[in-house]
Amino acid sequence: MTVTYRFRILTPSRQVLDEDIVSMVAPGAAGYLGVLANHAPLLTTLMRGILTVKTDQTEKSYRIDGGILRVAGNSAVLLSEEVEEVTPEPR
Amino acid sequence: MPSLLDIRARIKAVENIKKITRAMQLVAAAKFNRAQNRARSARPYARELDEILGVLAAISEDEFDTGAGSDVLDLSFVEGETPLRVHRAGLFEQSEVKRPGVILVTADRGLAGAFNTRLIRAADRFIRDHPQMDSRLITIGKKGNAYFKRRDVSIIHHVEGLSDRLQLDELKRVTQTLVGLFASGEVDGLYLIYSQFKSAMRSDVTIEKFLSIPPVHKKDDERKSVYILEPDREAVYETLIPLYATTKIFATMADSFASEYGARMVAMQLATSNAEEMLESQIILRNRMRQAMITKELAEIVGGSAAQVS
Numbered sequence: 001m002t003v004t005y006r007f008r009i010l011t012p013s014r015q016v017l018d019e020d021i022v023s024m025v026a027p028g029a030a031g032y033l034g035v036l037a038n039h040a041p042l043l044t045t046l047m048r049g050i051l052t053v054k055t056d057q058t059e060k061s062y063r064i065d066g067g068i069l070r071v072a073g074n075s076a077v078l079l080s081e082e083v084e085e086v087t088p089e090p091r
Numbered sequence: 001m002p003s004l005l006d007i008r009a010r011i012k013a014v015e016n017i018k019k020i021t022r023a024m025q026l027v028a029a030a031k032f033n034r035a036q037n038r039a040r041s042a043r044p045y046a047r048e049l050d051e052i053l054g055v056l057a058a059i060s061e062d063e064f065d066t067g068a069g070s071d072v073l074d075l076s077f078v079e080g081e082t083p084l085r086v087h088r089a090g091l092f093e094q095s096e097v098k099r100p101g102v103i104l105v106t107a108d109r110g111l112a113g114a115f116n117t118r119l120i121r122a123a124d125r126f127i128r129d130h131p132q133m134d135s136r137l138i139t140i141g142k143k144g145n146a147y148f149k150r151r152d153v154s155i156i157h158h159v160e161g162l163s164d165r166l167q168l169d170e171l172k173r174v175t176q177t178l179v180g181l182f183a184s185g186e187v188d189g190l191y192l193i194y195s196q197f198k199s200a201m202r203s204d205v206t207i208e209k210f211l212s213i214p215p216v217h218k219k220d221d222e223r224k225s226v227y228i229l230e231p232d233r234e235a236v237y238e239t240l241i242p243l244y245a246t247t248k249i250f251a252t253m254a255d256s257f258a259s260e261y262g263a264r265m266v267a268m269q270l271a272t273s274n275a276e277e278m279l280e281s282q283i284i285l286r287n288r289m290r291q292a293m294i295t296k297e298l299a300e301i302v303g304g305s306a307a308q309v310s
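Chains as they are written, first to last, in our numbering: chain Y, 1 to 91; chain Z, 1 to 310.
In case anyone wonders, no lab produced these hints; they're calculated from the structure. Please note that a few of the clues may not be correct.
[As the list claims (entries may be wrong)] Which stretches of chain Y does chain Z cover? Using the computed rule of at least three CB atoms under 8 Å from a CB of chain Z, they are: (1) 22-33; (2) 37-45; (3) 48-57; (4) 62-70; (5) 75-87.
[As the list claims (entries may be wrong)] Computed far set for chain Y versus chain Z, every beta-carbon distance over 12 Å: (6) Thr2; (7) Val3; (8) Thr4; (9) Tyr5.
[What the hints assert, rightly or not] Computed spacing ranges between beta-carbons, pair by pair: (10) Y:Gln15 / Z:Ile155: 36 to 42 Å; (11) Y:Gln15 / Z:Ile17: 23 to 29 Å; (12) Y:Ala30 / Z:Val27: 49 to 55 Å; (13) Y:Arg63 / Z:Glu280: 56 to 62 Å; (14) Z:Asp74 / Y:Asp20: 33 to 39 Å.
These numbers were taken from a predicted model, which means no experiment stands behind them. Backbone N, C-alpha and C fix where the C-beta goes; we use that ideal spot for every residue, glycine too.
Only chain Y is shown next, with the shape it has when bound in the complex:
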């Protein structure tokens, strides 16, 4: 079984996501960064860019307008003022 962690995406007007996920790749201040389960506690600012979230079966992408990401105790919360789901480009 794959190891997962809880991930929430919140904006001032809604909760965009609250799921157990396998991994994500976020546009961090110092370049894109990947987060897997049991990541060390982290507080990072985010840039405008594309966030990719992988669960067991699915993969979703979001366009985010900066924000902040907190990872601690095998859960993560992403706060951004604008988040919009995008359909990933076909490969």
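For chain Y, the structure is supplied; the task is to place chain Z on it using the hints.
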């Protein structure tokens, strides 16, 4: 004694008023539902921001003492505008406030029961209760402004016509102006007086400190877990503080609108049922008077014919 015609006119008038209050009630109810949802969904985000601020405060605490708290932060609210420059320590310092800016959030419109009055009274009391402070007022919403304009209080800023759809861009500008008053030293503390939304029947007038940021609940257990800060502490603060301030204003407006519509809905419901009650009593009065007239006419006819027979 009003004539039958007077009563009929009055019934007509009350019927019309009832139609109006009923319509206002329905409009307020529709708006209330939307505003209530907005107020509810703004909360998790705000709570999470508080939490992060608490974490950051806990891990910065040791460094505060060593003078590292004198970071200069450039806070950017609206893209393309000059950022506001503040000292981080100044944002958190709990020193005595001498020139508070009181942000009074009322509605632009009335007919919402005691909604505006309660807020205005709270602001009035706040200013009177702190005579040693040189209070300045910032009004959001026409009603509070209209009241204090005629009084001996200096209003340093006024905003009206904010959309109940809570446009983020609009609110960011308001937040920038408010934080700007603090950053420039025009005020040395900011307080929010607004209506905190509980339910349609209930909202509480709340006075809250907005700046400097009140002591946050420090997550002491978090201090042991060593956080990685990226890119660095200063940058995290520079992102976090504008988010925090904007969210505070966002949540305040969300609460205020939900409370306002709730109050208007209840007030109009009451007005409608009052109109119904009045209508009922006037109709009874009208029927009684009409019956009295008929009885009188009958008595006259009977009396007249009796006079002729004898």
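Outcome of the hint check:
1. With a threshold of 8 Å between beta carbons, the proposed coverage of the region 22-33 of chain Y by chain Z holds, since 4 of its residues qualify and at least three are required.
2. As drawn, the region 37-45 of chain Y meets chain Z at 6 residues by the rule of a beta-carbon pair under 8 Å; at three or more, the given contact holds.
3. Residues of the region 48-57 of chain Y lying with their CB closer than 8 Å to a CB of chain Z number 0, which falls below the three-residue condition for coverage.
4. Only residues whose beta carbon comes within less than 8 Å of a beta carbon in chain Z count, and the region 62-70 of chain Y has 4; three or more means the coverage holds.
5. As drawn, the region 75-87 of chain Y meets chain Z at 4 residues by the rule of a beta-carbon pair under 8 Å; at three or more, the given contact holds.
6. No Cβ of chain Z approaches the Cβ of Thr2 of chain Y within 12 Å, the least distance being about 24 Å, so the stated non-interface status holds.
7. The Cβ of Val3 of chain Y sits about 19 Å from the closest Cβ of chain Z, beyond the 12 Å cut-off, so the non-interface label holds.
8. Annotated as non-interface, Thr4 of chain Y keeps its C-beta farther than 12 Å from every C-beta of chain Z; the closest such distance is 20 Å.
9. Every C-beta of chain Z lies more than 12 Å from that of Tyr5 of chain Y, the closest at about 15 Å, which supports listing it as non-interface.
10. For Gln15 of chain Y paired with Ile155 of chain Z, a C-beta distance near 38 Å keeps the hint of 36 to 42 Å intact.
11. Remark: the range hint 23 to 29 Å for Gln15 of chain Y to Ile17 of chain Z is contradicted by a beta-carbon distance near 43 Å.
12. Range check, Ala30 of chain Y to Val27 of chain Z: Cβ separation about 51 Å, and the 49 to 55 Å hint holds.
13. One distance hint, 56 to 62 Å for the beta-carbon pair Arg63 of chain Y and Glu280 of chain Z, holds here, with the actual separation near 60 Å.
14. The supplied range of 33 to 39 Å is met by Asp74 of chain Z and Asp20 of chain Y, whose beta-carbon atoms lie about 38 Å from each other.
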